[in-house]
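Asks: Sequence:
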Amino acid sequence: MLIGELARATGSTARALRHYEQAGLIGSSRAANGYREYDESAAVRVRNIRALLAAGFTLEDVRPFLDCLDHDVLAAPPSAAALRIARERLAVLERRIEAQTAARDRLVAALAAAERARAGAGAGRALTGTAAPTAGTAPAGAGS
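The letter at position 98 of the sequence shown is residue 102 when you use this note's numbering, and the numbering goes up by one with no holes.
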């Protein structure tokens, strides 16, 4: 099977397949014309790689699963190593989520403060009847 055929069969891209191959997760042989050729079992392997990546694993996390990738990885009972890797990946994701949540909360607070300051400045001008100066102009009464 050629790389494009494997990509279509697995919902992947040729670029992703080359990346998996470079990472040592899949293998191919070369045809006389230099094209990569994959055997039929590569489709199962790629689907498993994609399922693990979709679950939040990295390619490095997938490496310990090499011996299992030719079977339905998600249907088999997990090994102790698989559970350890999953727990470690979950901890990393939770730390990232906490950091992103904190960043979002800081942005929400800064935006709320900016909107309050803008509303307060606008209300003051409305009460005094003065217009806010535009860029490059002086406030009314300045320079007289």
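Hints listed in this document are in silico derivations from the structure and should not be mistaken for laboratory results.
Remember, it's a predicted structure, so these values are computed and weren't measured experimentally.
Quick reminder that beta carbons are idealized off the backbone N, C-alpha and C, glycines included.
Be aware that a few hints might be false.
Said to hold, decoys possible - Quick list of simulated restraints, FRET-style, between CB atoms:
1. Ala117 <-> Arg88: 41 to 51 Å
2. Arg19 <-> Val96: 20 to 30 Å
3. Val96 <-> Gly15: 38 to 48 Å
4. Asp43 <-> Leu78: 14 to 24 Å
5. Ala114 <-> Glu41: 52 to 62 Å
Asks: State for each hint whether it applies.
Replies: The hints, checked one at a time:
no., hint, verdict
1, Ala117 <-> Arg88: 41 to 51 Å, "holds (44 Å)"
2, Arg19 <-> Val96: 20 to 30 Å, "holds (25 Å)"
3, Val96 <-> Gly15: 38 to 48 Å, "violated (26 Å)"
4, Asp43 <-> Leu78: 14 to 24 Å, "holds (22 Å)"
5, Ala114 <-> Glu41: 52 to 62 Å, "holds (56 Å)"
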